[in-house]
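Protein chains in written order, with our numbering: chain A, 1 to 278; chain B, 1 to 278; chain C, 1 to 250; chain D, 1 to 250; chain E, 1 to 309.
It is worth saying that the hints were derived from the structure and are not from the lab.
A quick note: this is a predicted structure, and the numbers were derived from the prediction, not measured.
Warning: the hint list may mix true and false statements.
[Unchecked claim] Here are some chain C residues pointing at chain E (derived, C-beta under 8 Å): (1) E43; (2) V115; (3) Y119; (4) Q211; (5) A214.
We treat Cβ as the ideally placed atom computed from N, Cα and C, and that holds for glycine.
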Amino acid sequence: MRQDTKMPAEAKEFATAGASPANAAAPGAAVSIRGLGHSYDELAAIEGLDLEVPARGVLGLVGPSGCGKSTLLELVSGLQEPSAGEVEVGGALDPAERLARCAFMPQRDMLLPWLAAVDNAALALRNRGVRRGPARKEVERLFERFGLAGFERSRPAELSGGMRQRVAFLRTLVSGKPVLALDEPFASLDAITRAEMQGWLAGALAADPRTVILVTHDVEEALYLSDRVAVLSARPGRVVEELSAPAPRAADRDAAVTDPTFVAVRERAMEALHRGSR
Amino acid sequence: MRQDTKMPAEAKEFATAGASPANAAAPGAAVSIRGLGHSYDELAAIEGLDLEVPARGVLGLVGPSGCGKSTLLELVSGLQEPSAGEVEVGGALDPAERLARCAFMPQRDMLLPWLAAVDNAALALRNRGVRRGPARKEVERLFERFGLAGFERSRPAELSGGMRQRVAFLRTLVSGKPVLALDEPFASLDAITRAEMQGWLAGALAADPRTVILVTHDVEEALYLSDRVAVLSARPGRVVEELSAPAPRAADRDAAVTDPTFVAVRERAMEALHRGSR
Amino acid sequence: MRRWLPPALVLAALIGLWQVAASSGLLASVLGLEDFLVPSPAEIASSLWENRSLLAENAWVTLQEIVLGFLCGLAAGLGFALLLRLSGLLRRATYPLMVASQAVPILVIAPVLVVWFGYGIGPKLAVVALVCFFPIAVATADGLRSVDPETTKMMRTLDASRRQLLWRVEAPTSLPFAFSGARIAVAFAPIAAVFGEWVGADSGLGHLILQDNAQLETARVFAAATVLAVIAIALYGLLAFAERRIVTWR
Amino acid sequence: MRRWLPPALVLAALIGLWQVAASSGLLASVLGLEDFLVPSPAEIASSLWENRSLLAENAWVTLQEIVLGFLCGLAAGLGFALLLRLSGLLRRATYPLMVASQAVPILVIAPVLVVWFGYGIGPKLAVVALVCFFPIAVATADGLRSVDPETTKMMRTLDASRRQLLWRVEAPTSLPFAFSGARIAVAFAPIAAVFGEWVGADSGLGHLILQDNAQLETARVFAAATVLAVIAIALYGLLAFAERRIVTWR
Amino acid sequence: GEKSEDGSTETEPFSLTLDFYPNPDHAGIYMAQKLGYFADAGLDVSIQTPSDPAAPIKLVAAGQTDLAISYEPEVLLAQEQGLDVVAVGALVDRPLTSLIWLKKSGIGGVADLRGKTIATAGIPYQDAYLKTILARAKLTPSDVKTVNVGYGLLPALVGGSADAMLGGFSNVEGVDLRLRGKDPVVTPVDKLGVPSYDELVLVAKGSRLGEDPEAIRLFLAGLARGTAAAIKSPDATAAALLEANSDLDPKLTRAELVATLPLLSKRGFMDEAKWKRFIAWMRENGLISAPIPISQVLSNAYLPGEIPE
Ligand SMILES: Nc1ncnc2c1ncn2[C@@H]1O[C@H](COP(=O)(O)OP(=O)(O)OP(=O)(O)O)[C@@H](O)[C@H]1O
Ligand SMILES: Nc1ncnc2c1ncn2[C@@H]1O[C@H](COP(=O)(O)OP(=O)(O)OP(=O)(O)O)[C@@H](O)[C@H]1O
Ligand SMILES: [Mg+2]
Ligand SMILES: [Mg+2]
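All chains should be modelled from the sequences, with the hints used to inform the complete structure.
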């Protein structure tokens, strides 16, 4: 554990996960995307993308459905190779190294049906060689705060859509990698639960900063959680506008999102989104 | 086709689907839920629910994740049998009859991987005995408006999350049944596409009214599309509050949702949601 | 209980019909099956009873061959499937040989088996294992390949090593396939044991069948075959039960 | 091309080693395999060449038995799997009989087959079909059962009839399983044909093997076995190819 | 096996591979085993039963078994194939292979076989028997339909799918049919124009004979005693057979035994002249190409001088 004992609860929880070799290797890796393009056969999904995410920075990505957000995250995480341009993560261009630095949360939860919720959440730890007992303890502590208490032993088929998504989110966090690539982590959560999770993430990032690329459909969410927000155009995805958030991860969320400047920026983002959606 | 030729475009599109025997049989069936409860083994998902949806009425359902919304929709559609209470759809209590009257859109898209997008969307028509050619034509006309033009022949694996969801939505609509049970139909759509789809649905319902039960996480969406909105409590799901929407499916969406009364109701709904989330 | 009723009834009905047809000479007149070709159920039953000890002895021998041979085949099949999965080259290189090995009549290699394993249980195990190995290997290999690529991506981004991917994802995914293969294999095993015994044996149901066939002891031949069938059904049921216990997430 | 290289190389290597060992007497001294038990590749090759027309004739006969028998077994297996799927009662009632049918040595029912089908291609088809039927039926039935219940719900709410559910969802889902079963079946088919010919035949590779074996014509026995193996590999490859063409969504 | 002073006998393991499953042809062997004649000779004999009659001769040539029971034609074919095997004694010194049909079929003689179906065991030299037999009745193989039924000879004939069968033994299948009241017409092939031959012979590996022939000698002596004992007391022999092979049918076995005992060769002597005639016939029928020097295939040198008591 790198963190000292004075940090807030969230931090501690998050931190243990943070104690991974990959993370130690590259404390908060920066991500830079240069002239990135990708096509599936004839179909150009994204084109000429340039984006910079400083180490420990949070980039929000919003854009019309089908503009290539998920594709972009897979390219960054080294799960696919771009057909043009390059991605650098923590100084590494090599896909394998990028893969080692990035934790990618897919849009569909991809929980393993034969594993209980805890074991699904603990997958990353188990892969890192942690024994089952400790790994379970590790994640079970978070089940409470994620509103999953009592479902530790449930199979994915016995969970609701939102519960599944939270398990998948948890699974990604505890991987403790320096870069988090989150694909709509809260899409199937109701307003309240969603606000809770946002708050939790904000707190956790404050205690133990990571580089985060957050794809979301909720402009407000993007602006609240991110330092900067990139608005992408319709396929092929290009950057229409990049805005910096007025009050990233402010302590009082409700106050922050109702603040006039915040609302103004949100309007601009929406307007850009409109432009991008042709 | 029951509709005359003077109705708006959306209507026509929607209508053809409407020309289904089930629909003809029960023009806009009313749904009434009495003392409904359901448990999975020990776990009580919902308890003592009472809800009324008039024929051609739209009921919005919001509630904390895991409170039993999806379960409720399955109970209404006759896909599961309640452990307590009863559901009546268009005067029928018998699950088989309810199944015949309800079109249920599941939370996960459940597209068939071996069918092209069009054929997935046309499933309901094919099941109703429509030949492949006409069925495809039928749905292809809607692909354009759903922003799926060019992906008619793509396999689900080649579609983005939002595109998959739109195909699933389309698949449910063209079933042309009197009752639509929609489980977060727009959860993975960006703000713009989502607004478009909402507008489309509003127009379609205006031209060819259906009874709709709409589960969503977006209170605004619920209030804009529904006549009444029920806010459910955390598991076991009970009705915390039922509100009637100020301007259901108003022509000018942006105006409607920014109107002070609308905002006020939204606040009340949020507040109820808070209460329900213990 | 209710699960056993239907098969029991059907079986009873069939046997009843057969008996009636046999005793009323219908089989002979209509189907041309004289009783030294196909004895009546009654004859088979009495033969089963009269020769119970003889059948039991030989059945015990054959059962051992079946079970041990099956276990060898199972181990080999699963192991081979894993190897095939881990190396595409190996897969392409050895798959044809694997298929070819199933097309060689035992008669052809019988002397070799004797030279290598003598007249003991060795050659029988070899034959049973050879037969069981194949369906298990093929089915399991197919199962290992059937993992959703999205799931693989998920595991890779969680730093899963090849081995972890294999054990945590591919193996569980392939389990139902492996059981299909195993059930197919165990149904073929009794026949395999019989052929194994024809390589050279002085006991076992296969030995008995050949001996009795030479003596036109048809009733006892069918009695022995009945015992074989019962063994097959029992083992198949056992596997199906194990499957229900192990594959709980479907 | 590259896909064929590895197996070809491996095969060549094995045969080479075998030849060397044989000609240097290693096989005899180490493995105790004298050339009248296992002829050297060279001998087999020359026998293949010298007897090419004889082998071709008989191979053609056996190939017909294999292909037609397999097709019958395929039809029966798929049909049976569908039936099992549609009626749980039927399933429980007939499954044990299906398993039992695989445990009965052909020798036992050979006379019956002859009485019913005579000495023509009939009994061979029956035997091949009986063997092929089982893996296909089991694998397909398992495939039909493996549909995600959520998908079934989706279809039911879209007013799918039982038949539509079967054809639009369950059948496609089971295709990969069915192909597993079919590939297993086609690998067993040649052996089945050989045994079918031992029921009674005046031509075919099985007949030839029996004759040459009695004649101590070991080289030609192995030549015939080689042809069998080649047939098996060819048919297996054919099926694998068809699978890649048909199951495109995996 | 010389007796050691404490009286216990040192026995040397000796393996015999039968031609097929145990039957009355092996009466002498089981008798000798039962009465301990082999043990007296210092041999601990183990008996193997294959199901493929062509296998034993290969195994003996491969040195897998000390002695094997085979057939004269098989021995000659083995020579042709260059297998190092020598016949060291006859178990049955005349043909047992017979042409069998049922009286009820109304077949009066070979001539009536025209257009009939004949079941064979699919063994080429037996097909040659048929050719010779038919030729004597002015028929050619194309005048009849032959079908190879492998192990299914009896069912084929009794089931009516064949009118006659060639390959069954007069003392086994023949007796079996009679016992079942099928009143068969059984004619050994040497009565139908095929030169006589020794149906069942004991074969050893040539090189082995060179090295230590003693065990073979001892075995053949023991066997001769056993055969003599068998002929003297058929009932005891039946008992011995059934005891050793619980799956034999007692009634049938006794009947077969009665028919077999007179056919057993008492000393195992093989008549070279008879063999020469058969070799000639094999060559005429293209079953073997090169002439085979008689000294290579058989040797009476290991037989007991006179039957020891
Ligand atoms: N495996 C694939 N094969 C072919 N085309 C694909 C594949 N995956 C994605 N696409 C195409 O690439 C484009 C971008 O897909 P992507 O999933 O990245 O969009 P997205 O921004 O994530 O959309 P959404 O917000 O709906 O998830 C889409 O048009 C989709 O059809
Ligand atoms: N098949 C099942 N077996 C056991 N428990 C189940 C099953 N399906 C749902 N549950 C439980 O029932 C409760 C309600 O589930 P449901 O999916 O209806 O919630 P929901 O309101 O749809 O949640 P979300 O908004 O996250 O989709 C959850 O606690 C879930 O764990
Ligand atoms: Mg996406
Ligand atoms: Mg839900």
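Hints versus structure:
1. E43: 14 Å, violated
2. V115: 6 Å, holds
3. Y119: 5 Å, holds
4. Q211: Cβ of Q211 (chain C) sits 5 Å from chain E, so the hint holds.
5. A214: Since chain E brings a Cβ to about 6 Å from A214 (chain C), closer than 8 Å, the hint holds.
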